[in-house]
Amino acid sequence: MFTRSPLTGDRSVMAIEGSWGLGSAVVGGEVTPDRWVIGKITGEISVREISDKHISHAPLDAGGIQTLAVPDAQRQVACMNDDELQALRTIGRKVERHYGRPQDIEWAVDRHSGAIVLLQSRPETVWSTRDAAPVSFAAADPSLHVLKIFGGNR
Numbered sequence: 200m201f202t203r204s205p206l207t208g209d210r211s212v213m214a215i216e217g218s219w220g221l222g223s224a225v226v227g228g229e230v231t232p233d234r235w236v237i238g239k240i241t242g243e244i245s246v247r248e249i250s251d252k253h254i255s256h257a258p259l260d261a262g263g264i265q266t267l268a269v270p271d272a273q274r275q276v277a278c279m280n281d282d283e284l285q286a287l288r289t290i291g292r293k294v295e296r297h298y299g300r301p302q303d304i305e306w307a308v309d310r311h312s313g314a315i316v317l318l319q320s321r322p323e324t325v326w327s328t329r330d331a332a333p334v335s336f337a338a339a340d341p342s343l344h345v346l347k348i349f350g351g352n353r
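Read in order, the letters of the sequence shown are residues 200 to 353 in the numbering used here.
I should point out that these hints are in silico values taken from the structure, not numbers from a laboratory.
There's no promise every hint is true.
[Unchecked claim] Derived DMTMM-like pairs (lysine to aspartate or glutamate); straight-line CA-CA distance at most 25 Å: (1) K293 <-> E283; (2) K293 <-> E305; (3) K293 <-> D282; (4) K239 <-> D309; (5) K239 <-> E305; (6) K293 <-> D303; (7) K239 <-> D281.
Using the sequences and the hints, build the whole thing.
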């Protein structure tokens, strides 16, 4: 989850992606996640992109990860319902408020209890870096800028 749009930098929305199973299938590019864009204040879900999620990763009892086929009936079903998305929005707002800047948040749904678990949060860097970069730099000799505007040489 990004607490600002990773595509446009819009701070009024959150972008949430998810899939069945462990997030390693998404991170590794093995599955295209479902994607939602939600108004940070209003909670309006303006984008719903439900993908065909053909595989999932699951933990092995002895350690490690196994790849499983997602049942046909579940492949094109949203992996999160609206109540869960709104719960994620609430978590995202609290985390962003706590750190004072947009966040890139990893989360999971506990497969036993259904609880949403915050795994980690780090600052969003792409748009924050752009915001912090100066639009222009001061010239070593500002008079050269003025002379250039008026066509003069020094």
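Hint numbers the structure violates, sorted upward? none
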